[in-house]
Each structure stands twice: as structure tokens, then as C-alpha cells.
Amino acid sequence: MKEMICVTCPKGCRLKIDEQTLKVSGNSCPRGTVYAQNELTDPKRVVTTTVPVSGAILPRCPVRTSAPVSKKLMIKIVQELKKYSLTSPVKVGQVVVENILGSGADVIVTRNL
Amino acid sequence: MRDLIIVGGGPAGLAAAYGAYEKGVKDILILEREDTLGGILNQCIHNGFGLHRFKEELSGPEYAQRYIDMLKDTTVDILSGTTVLELREDRTVCALNSRQGYFELQAKTVILAMGCRERTRGAISIPGSRPAGVFTAGAAQKYLNMEGYLCGKRVVVLGSGDIGLIMARRMTLEGAKVLACVEVMPYSGGLTRNIVQCLEDFGIPLYLSHTVTDVRGDRRLTGVTVSKVDENRNPIPGTEMDFDCDTLLLSVGLIPENELTRGAGIEIDPRTNGPLVYDNMETTLEGVFACGNVVHVHDLVDYVSEEAARAGASAANRILGKIPEHRAVHIKTDGAVSYTVPQYIRENAEEKTVSLSFRVRKILDDVKIQVSDGQRTVFTAKRTHMAPGEMEKIQLPREAIGDARDLTVSVEK
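Keeping their order, the protein sequence lines are chains A and B.
Sequential numbering of the first sequence, starting at 1, is according to our numbering.
Sequential numbering of the second sequence, starting at 1, is according to our numbering.
Because the hints were derived from the structure by calculation, they are not lab data.
Errors might be hidden in some of the hints.
So the derived list for chain B, only partly shown, Cβ under 10 Å to chain A, looks like this [to be verified]:
#1 Ile40
#2 Gln43
#3 Gly60
#4 Glu62
#5 Gln65
#6 Ser98
#7 Gln100
#8 Leu191
#9 Glu240
Just so you know, even glycine gets a beta-carbon here, dropped at the ideal spot from N, CA and C.
My request is simple: use the sequences and hints to build the entire structure.
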């Protein structure tokens, strides 16, 4: 039995997972099951950072991965995004990079600028 | 005369406006100090917002955009770049901007949604020299996420508040080395999830019961000394550790920004540093409501929105002539419970339950939240884990209150 704290949402449920059967308890929503199972196999996180944007009220535009990606890719994705820049107008949900570093997730804009 | 003026266009102000509009109030004005709406959410580019409110995991700017979009097709007016200087007892709002200069507006109701600001180095008296490189975590967050400036390369974080933890991760991702997070209390001040995903994920050590006892540097910070503290939070000689760093981030608490509130003669709760409120979020000044971090510091924006919607709906009720005139029950606290919001509950209001928020002073496992009227227990709820860094909420059925004069909230084994 392994114990962990679910980081999917700020509630922070205390999960217990059986290492053999991958059965999860202590979660208050289905996301907890997925989280605990991923933590044992391939931990995943949403990556958030910014990319430069020109012609907007701010010099930086916030972006994130559209889904959690392998924890190992976090810093690589932030570094990779240094190659990209945007031009205003951009809208929430607009794709900056598709399937970044083969992670299966797109990088999307999170603010209208 | 305006029906409703809202001071602040952050998450609380936006949700309050929408709450009042939904209840049928059309004449609403939001006064916002910055040029854009959204408040602190604009610099909180990390994810984790909105799981309760929208059943989706959003970043801060996305969460703000949802509310900005919701207000788009309404009659809510927005005046940005406008600072409110004073609120008078007769609900006159005195404001200033570069287009109109100084002006005064009268309102039937006012909602205070000014949020909070960070405690600074001055508030916690750290010894040492005063070089550049000591920032509040929120200031560093704004420089990095909105302006694109990384404020340092070797970082120590003092305080384990959520913003400090989030910035430890953010600066690591941008290539800085975060050497340590130092917390004077024996427990973290932030959410457990942030300890996991911001410190543990990146191998950043957390030193509990430690504090910064020296700050070195002439022009720029060159290092700090960290010492262990005893149970009275006094540094223990001989436990000093030196860190070579160019940046010290402070994440040592937030202060509700209540200058306007005090100026209007509204009663402040010394425990929350926010206004005393009734269950409809009305302050001690009739027709003036408050919500969000100006009342008490929240962990989750989702709960700010919920509270603000209630304030908006209550202001609407007053404008539409539904005025609560009933006796109020005082909510007291006992033992580990440090405060409650609201502090007063009025009888016979519309809603069947009262949402009661509070915090505890220490970490507690397997406990029972208990509400008593002096004679008997009127409500209980079980919790497997409670921590000072995590706000608790209970839904108290109004019928449980009965004819009690006051209620006491406590936590029992």
C-alpha cells in the first residue's frame, strides 16, 4: 500500500494505492484514481509557462499544455517554448505548438491578448 | 444614484457583479484600479483553478476570462484604471482616474472586493543588510509571468505560503536554482498539493521550524543565514546554515486590503483583518457588502466566486426591497478554530443553509467539527485531516440554529 496526496485539484485528497492491483482508495472523485495510477507508472503534470507576444498590452502571453504530460518532459517543454513567439491578437485555446515533444498534448494560449 | 457599485474587478468583484445581475439588478458599476479585469488571476498562470466552479482545470487567466465573457452581454459597466480613494458612511464612493479626474458617485449598495496584499520584509523584521534581491513572491511572479523578467538565479524562499511554493516551481522551470524553502512554523502554510508538485517534484528541500536570521549583501543579495527555531520561534544558536543566493522570496502571508473599509467606520474582525460580516456578506454598515480576500484570505478562487455570488445576490435583494431585519446569532469559536466567516447569522433568511468558513490553528487528524448552542450540539461533521493552510467549510442547516443566541464552533477528538 502506498500513500500519496492527489495534486489534481487544491482539495489534496489523501490517497492509498495497492501497488499490485493498482486499486485506489481515499479519492473523492475519479480523477484521484487516474492520478494515483499514473504516479506509480508515469507521473504526469500540466506545464504552464509564457511565450513572448508582440503587439499586445503585455510582453508575455501565458500558455499551458492541453493535458498533463510526463513529469520528465516539464523542463524540456519550457526550454523548447523559448523558440516560439506570438503576435496579437491571440485567443484562449489557440494552439501554439501541436503535440509538443511528442508528449501527446498541445500547448495552448490561456489569455486573450 | 447607482444601484450597485463594486470596488475591485478581480475574481470577487466579477462574480459579485454577475451574481447581482442574475438576480435582476441592471445598474451595476465595477471600479478597477488596473487597466484590465481579473486581478491577481492574471499573474497566476499555473493550473488548478475552476475544478469546483467550472468542473475543469484552468489557469488563472482562463478562469478570469470565463467571468469577463459572462459579463460581456450584460449591462454591467466597467471603469478601469480607476482608484477608489474613499467610501463614506452614506455610500458615497470617491474615485480618481486620468480621464475624469476626481469624482464622487452615490450608490444604493456597495460591494467591497479589494482583495489583499502581501506582507513584506518590514512586517516580519528580518535582520541583516538591505540589498536588492529581496522580493515578495507575488511581485516576483508579476515580473516573471507578465513582464518576462526572471528576478534571480539562486533563490531561497522564506515562508511556505502557496505563492512562494508556486514561484519555487516556476523559477526552477525557467532555469533558476531554488536552494530551499524555509518555514518558521512546524507545518506548511500552503496547500499540501503545492508541497508535492512544487517542492517534492523538483527535489527542493523544505525546512520546517526554520527562519532566515541574516541577510547579506551590499548592492545585491549575496547570501542568507537560516537557523532552526525553538517552540517559541526563537532561533537556536549553533544551528545556522549559510546559503549563497542572489534572491530571497518572501511568502509570509497576505493582509486583506481594508483601508476603505476602515475609513467608512465598518467594524473589522482582528482575527481575519477583514470586515465582520453577516451570512449575506453584509458588513456592519447597512447596504455595504464584502467578499473574497478582503474578508478573509481564501485558498481557492472557486470559493471566492461562490462567496462573491452570495454578496451580489444579497445586494440585489436589498436593492429590490427584500431587507433582512431579523435577529442575528453570533458565531463564536473555541479551541483550535481560529475564526469563522460569517461572524453573524441572521434568522429567517431565504437560504436553507448557511455556508460557514473557518481555519484551524494546528494540524489535526480524525476529528469532529462541532457546532453547539451552549446547551446541546446542533451540528457535527467528521474530518480525517485538517491543517491551518487549508480553509474548512461546513453547510449549517438554518433550522439547526433554533432560538440560540449564539453558537460556538469547535473541533473535538
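Hints versus structure:
no.: 1; hint: Ile40; verdict: 13 Å, violated
no.: 2; hint: Gln43; verdict: 9 Å, holds
no.: 3; hint: Gly60; verdict: 8 Å, holds
no.: 4; hint: Glu62; verdict: 5 Å, holds
no.: 5; hint: Gln65; verdict: 5 Å, holds
no.: 6; hint: Ser98; verdict: 16 Å, violated
no.: 7; hint: Gln100; verdict: 21 Å, violated
no.: 8; hint: Leu191; verdict: 5 Å, holds
no.: 9; hint: Glu240; verdict: 32 Å, violated
Going down the numbered hints, you'll see the structure goes against 1, 6, 7 and 9, while the others check out.
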